[in-house]
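Going line by line, the protein sequences match chains L and W.
Using the numbering used here, you'd call the opening residue of the first sequence number 1 and step up by one each time.
Using the numbering used here, you'd call the opening residue of the second sequence number 552 and step up by one each time.
Please keep in mind that the hints were generated in silico from the structure rather than gathered at the bench.
Keep in mind that the hints are not guaranteed to be accurate.
Now the in silico label distances, taken between C-beta atoms and shown as ranges [to be verified]:
1) W:Q611 <-> L:D313: 56 to 64 angstroms
2) W:P638 <-> L:A191: 22 to 30 angstroms
3) W:V837 <-> L:P347: 52 to 60 angstroms
4) L:Q391 <-> W:L651: 56 to 64 angstroms
5) W:R707 <-> L:A332: 29 to 37 angstroms
All C-beta atoms, glycine included, are put in the ideal place defined by N, C-alpha and C.
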Amino acid sequence: MTQRSTRARRAGWLALATAAAIALAGCSGTATDTGTSAPVDGGTITVGIDSDPGSQFNIHVSAADISALVLRNVFDSLVVQDADGSFKPWLAESWEISDDGLSYTFHLRDGVKFTDGEVFDAAAVKANFDHVVDPATKSQYAASLLGGSAYAGTEVVDDHTVVVKLSRPFAPLLQGLSTTYLGFIAPDVLATKADQLAAGGPGITVGTGPWILKNYVAGQEIDFAKNPDYDWGPGNATHTGAVHPDELVYKILPEGSVRAGALTSGEIDVAENVSPADVPTLQGDASITISSVDAPGLPWSIFLNHSKGLFQDKAVRQAFQRGIDISSAVGAVYDGLYDRAWSVLSPTTPGGYDASLEGTWEYDPDLANEILDEAGWTQRDADGYRTKDGQRLSVHWTATSTREDRATLIAAFQADLKKIGFELVIDQLDVGAYLDRLMGGNYDIVDWSFVRPDADILRLHLYSKLAPIQNASWVNDPHVDEWVTEASEETDPDARAATYEQVQQWVIDDAAIVPVYVPGNITATAGTVGGVRADITGWPLLYDAWTTKES
Amino acid sequence: MRRYLPRLVGAVIVLWGAATLSFLVLHLVPGDPVAIMLGAQTQASDEVKARIRADLGLDQPPLEQYFAYLGRILQLDFGTSYRLQEPVVRVIGAQLPSTLALAGSAIVIAVAIALAIALLARGRISRAVANVLELLVISSPSFWTGLLLLTLFSFRLHWFPVSGGQGVASLVLPAITLALPIAGILSQLLRHGLDAANAQPFVVSVRARGLTPGQLLARHTLRHASLPATTFAAYIVGSLLGGAVIVEQLFGRPGIGRVALDAITNRDLPVVMALVFLAAAVFVVVNLIVDALYPVLDPRLRAVR
Chain L
1 MTQRSTRARR AGWLALATAA AIALAGCSGT ATDTGTSAPV DGGTITVGID SDPGSQFNIH
61 VSAADISALV LRNVFDSLVV QDADGSFKPW LAESWEISDD GLSYTFHLRD GVKFTDGEVF
121 DAAAVKANFD HVVDPATKSQ YAASLLGGSA YAGTEVVDDH TVVVKLSRPF APLLQGLSTT
181 YLGFIAPDVL ATKADQLAAG GPGITVGTGP WILKNYVAGQ EIDFAKNPDY DWGPGNATHT
241 GAVHPDELVY KILPEGSVRA GALTSGEIDV AENVSPADVP TLQGDASITI SSVDAPGLPW
301 SIFLNHSKGL FQDKAVRQAF QRGIDISSAV GAVYDGLYDR AWSVLSPTTP GGYDASLEGT
361 WEYDPDLANE ILDEAGWTQR DADGYRTKDG QRLSVHWTAT STREDRATLI AAFQADLKKI
421 GFELVIDQLD VGAYLDRLMG GNYDIVDWSF VRPDADILRL HLYSKLAPIQ NASWVNDPHV
481 DEWVTEASEE TDPDARAATY EQVQQWVIDD AAIVPVYVPG NITATAGTVG GVRADITGWP
541 LLYDAWTTKE S
Chain W
552 MRRYLPRLVG AVIVLWGAAT LSFLVLHLVP GDPVAIMLGA QTQASDEVKA RIRADLGLDQ
612 PPLEQYFAYL GRILQLDFGT SYRLQEPVVR VIGAQLPSTL ALAGSAIVIA VAIALAIALL
672 ARGRISRAVA NVLELLVISS PSFWTGLLLL TLFSFRLHWF PVSGGQGVAS LVLPAITLAL
732 PIAGILSQLL RHGLDAANAQ PFVVSVRARG LTPGQLLARH TLRHASLPAT TFAAYIVGSL
792 LGGAVIVEQL FGRPGIGRVA LDAITNRDLP VVMALVFLAA AVFVVVNLIV DALYPVLDPR
852 LRAVR
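Chain L extracted, bound-state conformation (with noise of 0.2 angstroms):
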């Protein structure tokens, strides 16, 4: 549910990213639950992950997604949010949301302890979201998922009730508080031991969750056992009460490669983020389950700087989004496993899908050539590339550590664009000379996707006052301003979706931020284990998983 970015800065050693052809039919969509017996007590399910949440345990503070993964099992959050999109209840029964938005009223379950005995009650939610807000914790996300500057205060009214305040309305409230980035900490270990948080451990990362932390090797593995007093699952599980088996083990396998195999080989019972590449491979085993969830958010993007350069003339932006051939490129990368982005809200984004730009802009290069003609860049140069006023028509691609294939994307619409007479630079740059171009702005086009299950994604990405993080683009209209901000405080879902289309419409027509593809998480599940769901963003969630292997 935050950035990606902790995984795009994975080594790539591409010797494993040359299998480029993929053959995946029938598996974008929702996941399946996997295997056929009845749920089984007992045994150990092991999960390989590809990165190291180590020195990320404070989930208050961090913003990786590992740290939300692997630390769901600890921690609970108030509400759950389900599949489609809707709230669901967990360690509150009920809510109800004032017609000003701005206090949130909370009814929490009775009779939720922590793993160290504390009891769960109004005063450890409010002990918990001023740990949040306090500047000392230095949050990087959970505090912006409470409302920012927007969060007002938390009020105790009795044991079971607890009021959140906000100063302005914050439409997405709900979605943040669903997040691990918001589950509840031990208010011992907060008053204690809050020090230690970050590096986390046993008595250290306590929660109310179904798993307890037992024992973290860094670089190697995580173990939680079962709680078996846990009676308050989430509103959307399958079961309710403990966990079915006794211990979880996360495994600590970077390459994409080594946890495809360590599946087949029965080493792991579950790998998650499996790379595009490796899916054949795992296809090629009948008892493995391969599920493949379309991220909700920012589909992966090309951001096009409208404060600099070319790209300030909205012609040369246009000839740019329907001078690139997106539906073939992608379909020749990913063969059906990530879908074509029509919008710069992907699909399964609960709230405000426009399903209306589906095949309204396909690649035209004739428009192209003729927006570009119209524009005054009628000379061409030696190379064959247009020119005006005798300046060539080149734009810079920066870019970072890629992805899912994503170099191969980039060079496909280089292609395109030559015969348009455009040309396409790709500067490929380490982390830190490109962070220094995208913060001074100096750029003419990043990219990057997000995910996150709320369409206030693109207040992030279009406000003016937000650049260049997200709004990489640049965007600087005050109708957008306008609209993404009176969506954010809109609390009818009807009235907010409708704004948000108005905005899908807006970034297409300007060609201010040109989506290209829905990324995917990839999660492979041995025939061995049952049960295992999905959430939202499609990271697996073991809450009801059991396994049927002999130990």
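Dock chain W against the given chain L, drawing on the hints supplied.
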């Protein structure tokens, strides 16, 4: 003692140079450490960024940071890791045993393989085969060799586990992966050294004294042949450290190679600088040991001192 003094002074200068150079390079390369730490899509507020910068001492002038850094090194304090927020000495200390076990077993395997090849491949055909094999293992990237070994012995035959830290069995494949290129180089050096030694006139006189080929090898020619290999010790240590980065990543083993890769990608300056310093220290020590070994291996060098 006096003859070691210049060497020790030289060693200190090398270490100071390594510390200074790593500080300089890491401050000259573009990129703000706080921005890199938080990533391109951070939601952290400016206030949080400023606090992190102040906590890490990055708001101080570079020269002040440099002298503070040198002062701390003198007390063997390498500061606190930006990313892990733990003392660097503890971060590296916790991971060092794992890498030492890996490197130690790799070097034992490499020497054993090299000796076996050098001693067995004496015929014309076996030499040609040895030549090809050596070239193959030296030129294959470790990543590739490791993946092949994993696919065969772990994924297919299930003889060894994939990931690290499960006792000796989990050390076998990573150690072999790391050992192979080193074994190739050592074996080449040994074979050429043996050939050169065998061409020396003393061989004839030794044989004439009635020594068997085995005795000749053990007492004389192998000694000669091991000199060039010893000279390469620093290079071998270098490939062990470099190879550990790849091998640890591939096999999911903890160790300082992983720490190094993480620290460099996240611009974790204190950790990177400590690792550079550690590497320089290792090279200095290895070279001192090698210098001390020469006279032991080759009596002719003793007279010179």
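Hint check results:
1. W:Q611 <-> L:D313: 56 to 64 angstroms: violated (44 angstroms)
2. W:P638 <-> L:A191: 22 to 30 angstroms: Check passed, 25 angstroms falls within 22 to 30 angstroms.
3. W:V837 <-> L:P347: 52 to 60 angstroms: Because 59 angstroms falls inside the window, the suggested range holds.
4. L:Q391 <-> W:L651: 56 to 64 angstroms: Given a distance of about 59 angstroms, which is inside 56 to 64 angstroms, the answer is holds.
5. W:R707 <-> L:A332: 29 to 37 angstroms: Between R707 of chain W and A332 of chain L, where Cβ atoms are some 31 angstroms apart, the hint holds.
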